[in-house]
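Protein chains in written order, with my numbering: chain A, 455 to 711; chain B, 455 to 711; chain C, 455 to 711; chain D, 455 to 711.
Derived by calculation from the structure, the hints in this document are not laboratory data. Errors might be hidden in some of the hints.
Which copy is meant is left open, so a pair is good if it fits within one copy or across any two.
[Said to hold, decoys possible] Keeping only pairs whose Cα atoms sit at most 27 angstroms apart, straight-line, the calculated DSS-like set for lysine-lysine is: (1) Lys668 - Lys635; (2) Lys668 - Lys690; (3) Lys484 - Lys587; (4) Lys668 - Lys705.
Number of protein chains: 4
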Amino acid sequence: MIARAVVIALALVAQSAAAQPKSAGPADPKLIEELILANRILAMEGVVDAMGHISVRHNRDPSRYLIALARAPELVTAEDVVEYDLDSNLVVPTTRRQYSERYIHGEIYKARPDVIAVIHNHSPGIIPFGVSKVPLRAITHSGGFFAEPVPVWEPRKEFGMTEMLVNNSALGRSLVQSLGKHAAVLMRGHGVAVTGPSIQHVVGRAIYLEVGAKLQAQAIALGGGVNYLDPEEGRKIEARRDYIRSWELWKRKVTGQ
Amino acid sequence: MIARAVVIALALVAQSAAAQPKSAGPADPKLIEELILANRILAMEGVVDAMGHISVRHNRDPSRYLIALARAPELVTAEDVVEYDLDSNLVVPTTRRQYSERYIHGEIYKARPDVIAVIHNHSPGIIPFGVSKVPLRAITHSGGFFAEPVPVWEPRKEFGMTEMLVNNSALGRSLVQSLGKHAAVLMRGHGVAVTGPSIQHVVGRAIYLEVGAKLQAQAIALGGGVNYLDPEEGRKIEARRDYIRSWELWKRKVTGQ
Amino acid sequence: MIARAVVIALALVAQSAAAQPKSAGPADPKLIEELILANRILAMEGVVDAMGHISVRHNRDPSRYLIALARAPELVTAEDVVEYDLDSNLVVPTTRRQYSERYIHGEIYKARPDVIAVIHNHSPGIIPFGVSKVPLRAITHSGGFFAEPVPVWEPRKEFGMTEMLVNNSALGRSLVQSLGKHAAVLMRGHGVAVTGPSIQHVVGRAIYLEVGAKLQAQAIALGGGVNYLDPEEGRKIEARRDYIRSWELWKRKVTGQ
Amino acid sequence: MIARAVVIALALVAQSAAAQPKSAGPADPKLIEELILANRILAMEGVVDAMGHISVRHNRDPSRYLIALARAPELVTAEDVVEYDLDSNLVVPTTRRQYSERYIHGEIYKARPDVIAVIHNHSPGIIPFGVSKVPLRAITHSGGFFAEPVPVWEPRKEFGMTEMLVNNSALGRSLVQSLGKHAAVLMRGHGVAVTGPSIQHVVGRAIYLEVGAKLQAQAIALGGGVNYLDPEEGRKIEARRDYIRSWELWKRKVTGQ
Chain A
455 MIARAVVIAL ALVAQSAAAQ PKSAGPADPK LIEELILANR ILAMEGVVDA MGHISVRHNR
515 DPSRYLIALA RAPELVTAED VVEYDLDSNL VVPTTRRQYS ERYIHGEIYK ARPDVIAVIH
575 NHSPGIIPFG VSKVPLRAIT HSGGFFAEPV PVWEPRKEFG MTEMLVNNSA LGRSLVQSLG
635 KHAAVLMRGH GVAVTGPSIQ HVVGRAIYLE VGAKLQAQAI ALGGGVNYLD PEEGRKIEAR
695 RDYIRSWELW KRKVTGQ
Chain B
455 MIARAVVIAL ALVAQSAAAQ PKSAGPADPK LIEELILANR ILAMEGVVDA MGHISVRHNR
515 DPSRYLIALA RAPELVTAED VVEYDLDSNL VVPTTRRQYS ERYIHGEIYK ARPDVIAVIH
575 NHSPGIIPFG VSKVPLRAIT HSGGFFAEPV PVWEPRKEFG MTEMLVNNSA LGRSLVQSLG
635 KHAAVLMRGH GVAVTGPSIQ HVVGRAIYLE VGAKLQAQAI ALGGGVNYLD PEEGRKIEAR
695 RDYIRSWELW KRKVTGQ
Chain C
455 MIARAVVIAL ALVAQSAAAQ PKSAGPADPK LIEELILANR ILAMEGVVDA MGHISVRHNR
515 DPSRYLIALA RAPELVTAED VVEYDLDSNL VVPTTRRQYS ERYIHGEIYK ARPDVIAVIH
575 NHSPGIIPFG VSKVPLRAIT HSGGFFAEPV PVWEPRKEFG MTEMLVNNSA LGRSLVQSLG
635 KHAAVLMRGH GVAVTGPSIQ HVVGRAIYLE VGAKLQAQAI ALGGGVNYLD PEEGRKIEAR
695 RDYIRSWELW KRKVTGQ
Chain D
455 MIARAVVIAL ALVAQSAAAQ PKSAGPADPK LIEELILANR ILAMEGVVDA MGHISVRHNR
515 DPSRYLIALA RAPELVTAED VVEYDLDSNL VVPTTRRQYS ERYIHGEIYK ARPDVIAVIH
575 NHSPGIIPFG VSKVPLRAIT HSGGFFAEPV PVWEPRKEFG MTEMLVNNSA LGRSLVQSLG
635 KHAAVLMRGH GVAVTGPSIQ HVVGRAIYLE VGAKLQAQAI ALGGGVNYLD PEEGRKIEAR
695 RDYIRSWELW KRKVTGQ
């Protein structure tokens, strides 16, 4: 992963001069297929309802990313997937509606060469932690990637009263500041942005962040204190994490094969 | 929306002299179709079980509204839809049972020219807030329409011990007093009435009011205080709210297409 | 209902001398059909899992009742239904296993001429109230039948350490003492027995007792006090209660028609 | 059960000298079929997601056990089932991935001759009790097998910071120490290991341990104290426990017959 991140970092510097977004060319059809599967898996697992979106960095050019036009993830098909530069400008114009919060994706890809896929969602378990002083933090093995508490982004600090959407680059950059080097960042009164080094990782993380939030809330409700996962335990777990077994199951369930 | 509200207000005045309800003529078949879809979407999303109902103002006459005869929303078909005047008298008599609480709809349409569609339901998340001193109030973007706390109607104040149903005009008028200019009003020990400027809006609101109630309860349970949505944030959100993306998904799911 | 209860009371006295149970003859096929539907509705609504059972008084003889042999309610067919006297002796012997807790049904029918149908179940919402000092009590219209708190039967008082089953008449009589004139009685560390004047009523009550228990728990968790339904409100509601609209929906859902 | 346990104990001693694992020969096809059913039942009931596994002792040799290679339980077929000795060495080598935590199973079979089947899972209800000072303990009849609180294994004590997996024999032995003579042992920040004298028992226990954990959490949340099942009540219940009725239902549901 580290080697790939360096290549991406260099490519980002080389391309920063370009003003008009140019297509990186057709993406790997397998990547598109995996992105469609991811959309449907997220819907099946209750991570997204009609809202929320997932993107992936273009396999040919780290300064481009792929995401659907505005549509419920459950309904997304390959025909809905389009290409953006990292300022979230479309490479090919369209008359269809775009996700107004695509800047979440573009700004994260700009700042974090290690990130290959991003999800923005509003799953019910995580939202309460965005409005509470209680930090979202893993209690269990499946949450190794958030053994350090998940930071919370508060748009009021910098922007005052807003419509609570990350619908321009300035808001996106502010969100990325809060994200820092974490795997995810909560958005106060709104939802979360989750990152990963692959589509499978980011899907697994979004699902288990939701699972983990519900588990933590239940543990708190027992009233007997909470023995959190140690950050060192989290690091050891994540060093060998993959989602191969889960992906096989999720794929079989959404494709019915 | 404002222009249409004025037209409706004038029409209401003009028709208030009429004693015997006369039909406004056949409603737009697309409106009926949307009303049927709405019934089934509300059932699918768990906003209604066998009980609860949705109405829409007649497209030809603001002093008439359309709603099904007594039947579980999931089973409602176009043949079940009938027309009422705003005193909730049937335009065409029937031997079938009517919703005994249709007065909720009639009295809201009378008092609120801006309202085009109304839902009455007993979804599980909202009911606890009707019997608690804790006000129901949005913590998240999807609840922009109740960034101001939802009022609670207490029938005991004016009517003492009742069977807890809004089954006449006097009870309906009392409920409407509590509703005021809000999008929704809780009914103590019973449920809620939700209003909107279109069928899509009222369905979206009923669904996200339920979602929001559950989120708020979870946030309270964390014990770390709750950072509510600011009413000004709510206004900014709602100024541009639509439910187009959600409606596409909900429609596809209930029609299986 | 009252007239029918008197007839039943007289019939019970007249038959109490009989030692060997004799069949009352074939039951109304419509009653059997309704009992089968009820079994499947209770499973669909999560009131029963593999355990739990529903019975109905024989339509020809109030001193006989009908219930399935031991089988998960979801799987019960007309072939599984058998006839018992009120001491819970089989009218026709069988080698198949019987519900060991059929005494719940027999003893309730003996003591309560007004009861025509009984359910015993272990639905998750109600069980916590059987082990808590907080009484189970309606907060909402749908729970009018338990506006007075549901009594709790504690077998330890009379019987000490048991296997927690009502598997003989003495235990059944003790349970009936706690039931009194209520619609339902909780069994500590076990479940509940629910009664009604018809199959439709008892099914509706078992479903809405479970719904109501969850609502009450949620209301308590909000921490703002609970404004319970007044017993007088409950009486007014129940005086006109039926489950016609719900039954139509439930029947359509379990039969798929 | 006791007679069989003695036979197993003697066989374990006799075989402890063997260094290279040899197959005990083909297992009873009905046992394999039951193991496959169990995998699918656990998935259907939400006890496992893509993770978790179930094993059974070989019917021909108590020093061998049968379990699938690494795959989500819902997808496991007879072709995935392989044979291990009690040090969790494969009898027939494979290039496929194995469950890294198979040592849970091997070490339990070694130490507990009475155990015929083992499940390791991470069901959501039980996890909070592994990180809380509140012990997991039955409040109801269905939880008779954990009327004594479930012990919690804390790997930090002996092993410090780990990746939280029982992926070698030393960790397995430590877990078994905590298990003692209990039916189950919680693993802090991870999940649970459940044991039973048959596949049907262990599946029933894993399902009702999850049910019981949720019930206990709800009872605690009511705030009125919790009247737990007495250990003596638990013993009386378990002396006659079987899962015949449940198994018929579960089997019908997963096979669709």
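If you check each hint against the structure, which ones fail? 3
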